[in-house]
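There are 2 protein chains.
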Amino acid sequence: MSAPDDAMSAEDRLIARYFRPLAKHPGAFGLADDAAALTPPEGCDLVLTTDGVISGVHFFADDPPDCIGRKALRMNLSDLAAKGARPLGFLLALALPGATDEAWLAAFAKGLGEDAERYGCPLLGGDTDRTPGPAAVSITAFGAVPHGKMVRRSTAKSGDCVLTTGTIGDAALGVLLRRDASRAAAWRLSDPMTAHLKRRYLLPQPRNALADAVLRDAAAAMDISDGLAGDLAKLCRASGVAAEIDVARVPLSDAARAALAADPAVIDTVLTGGDDYEIVLTLAREKLASFHAAAQAAGVAVTEIGHVTAGAGARFVHLGKTLKFARPSYSHF
Amino acid sequence: MSAPDDAMSAEDRLIARYFRPLAKHPGAFGLADDAAALTPPEGCDLVLTTDGVISGVHFFADDPPDCIGRKALRMNLSDLAAKGARPLGFLLALALPGATDEAWLAAFAKGLGEDAERYGCPLLGGDTDRTPGPAAVSITAFGAVPHGKMVRRSTAKSGDCVLTTGTIGDAALGVLLRRDASRAAAWRLSDPMTAHLKRRYLLPQPRNALADAVLRDAAAAMDISDGLAGDLAKLCRASGVAAEIDVARVPLSDAARAALAADPAVIDTVLTGGDDYEIVLTLAREKLASFHAAAQAAGVAVTEIGHVTAGAGARFVHLGKTLKFARPSYSHF
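Chains C and Z, in that order, are what the protein sequence lines are.
If you're matching positions, the first sequence starts at 9 in the working numbering and goes up one per residue.
If you're matching positions, the second sequence starts at 9 in the working numbering and goes up one per residue.
Because the hints were derived from the structure by calculation, they are not lab data.
The list treats identical chains as interchangeable, and a pair is accepted whether it falls inside one copy or across any two copies.
In silico DSBU-like pairs for lysine-lysine, Cα to Cα no more than 35 Å straight-line:
hint : residue 1 : residue 2
1    : Lys32     : Lys118
2    : Lys157    : Lys118
3    : Lys295    : Lys32
4    : Lys157    : Lys32
5    : Lys165    : Lys332
6    : Lys32     : Lys165
7    : Lys332    : Lys206
8    : Lys118    : Lys206
9    : Lys295    : Lys332
10   : Lys329    : Lys206
11   : Lys206    : Lys32
Taking the hints into account, I'd like the entire structure generated from these sequences.
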């Protein structure tokens with residue numbers, strides 16, 4: 009790898025300066041080739057996922073740039089975790105508007121690089137373009153599972169327990185608070201509660217520490233990106249089963265609980281708003297104890313929230329009634 | 009896989025309608041999971057590449073939508089071909105503006121699907137977003153090479169011949185014609201010549217038929233996306249060598265030759281304009297005959313245009329003089 013020199017284009021210099029330090033994987037070839045090479049672990053399948061963020065859609069233009077890079081990577085890490093896969097690396101496609109803001113780019117790359125280290129998911133390569141539109145970050149991440157063992161959505165069985173990691177609805181409430189600060193008072197939130205919900209939108213906490221346990225124990229799993237209600241409905245549809253969820257058991261943060269106490273209609277946002285990046289999974293009851301033990305060892309909260317039955321659809325039961333949602337799932341169209 | 013139903017979001021319906029038919033690979037799970045699974049061919053490395061197109065940057069908003077999908081895929085296929093890799097599949101990240109134009113989407117998906125079949129590169133998964141900006145298509149493609157054998161940029165050796173596939177500069181002239189139709193008269197182009205250059209911009213011809221020969225014979229290779237001059241300079245820099253190119257030997261279409269005869273300054277656009285999606289490669293002289301035979305069998309034109317020497321930089325020699333380029337390589341920044 010030669011040092012940046014005058015014969016390099018401005019694009020190549022940006023890549024060399026901000027992204028080459030992240031490309032520690034030998035198959036990234038220092039970002040100085042057309043493509044990356046990845047030697048799959050023996051006996052493993054590659055798990056492939058792609059997810060991106062667009063300014064004004066998935067993040068606010070004035071969000072801290074280090075969080076934008078982290079969020080884009082974590083959304084993909086969350087998919088890998090839900091599939092029981094260990095991260096191997098990622099590709100970055102970056103579209104940047106107008107004049108290059110090098111301070112923005114430096115902070116973006118720093119956040120991304122720190123998370124790549126933290127989650128053991130190095131940058132393998134990418135593509136950088138100028139766009140007349142808003143900034144957009146698209147990431148493709150690669151993970152490994154033993155051959156044929158990727159945890160699917162379509163393999164839930166009647167009688168399974170339904171569990172979720174973490175707490176549900178925080179990010180969806182956080183984005184409402186970002187759009188209308190007066191909601192904090194309406195929901196009687198303390199400042200730390202408000203900050204918690206906003207932070208949960210800004211920076212998901214993917215549950216990769218739980219991936220091995222998901223791989224071992226889950227019958228079916230997916231990550232919650234479009235809301236628990238809609239995503240669980242997708243899992244049920246793919247599996248040809250129904251699920252019944254006890255809304256009172258859905259794990260909530262203190263902040264979400266406070267908002268819900270002030271305005272019970274908030275339950276709709278909590279269950280359908282999305283951006284949770286938690287894992288919803290089903291497993292056979294006899295695996296419950298071992299899964300709980302593994303989750304405790306991994307430091308990830310998991311909560312049983314319902315069960316799988318024969319039939320179709322995900323029913324959310326609250327005080328004896330089945331909730332009806334205005335829009336069960338986040339949709340871009 | 010269940011049929012589209014009322015519980016599906018509009019986004020899921022779009023995916024099911026237009027893209028599920030393209031997802032014929034078993035590891036795509038009918039696009040009904042968070043991720044795809046790919047079993048790597050035994051003894052092979054995965055070759056990973058990502059490249060995208062943005063409306064107003066890489067294509068015109070009124071380009072035929074089937075060509076936009078094809079171009080995005082072919083740009084990535086071209087990278088795989090230059091690395092000696094056989095295609096395995098691709099992921100699609102699509103950002104669409106405003107109201108969904110279903111006729112546009114249907115044509116886009118049809119073109120993409122036809123090329124996926126033609127090149128043996130099935131859709132594995134993807135991500136669909138609404139954007140406030142222009143339409144953007146980002147593709148990540150996967151190929152396979154025998155372990156450790158990906159053809160690199162950094163392995164050219166002094167004494168190697170330099171070759172290129174196809175013809176150079178057509179697409180860069182085609183985009184100038186799209187921007188200013190009066191150039192066709194200034195360059196004294198016939199209508200078929202004008203059409204040829206525009207078509208070369210609209211629809212690259214990736215040289216995947218040559219991938220096995222590149223893998224077997226090339227010392228170093230890359231695909232030409234940012235212009236022959238700049239891309240060959242990158243290859244030289246990565247390899248720590250120089251190259252001397254005889255401009256008179258650079259293969260040109262009849263149309264490019266006519267434009268050059270009318271305006272010799274066009275040579276700059278031909279050699280630095282980019283969007284060629286041809287392969288520039290170096291190989292040891294003793295492999296020249298077998299490579300030419302393989303290229304002929306594959307039906308891909310290849311032309312020897314110069315040689316690798318000690319030193320640094322790619323020199324383009326024309327009528328005894330080394331050309332100086334205003335901007336040797338296409339750069340987004």
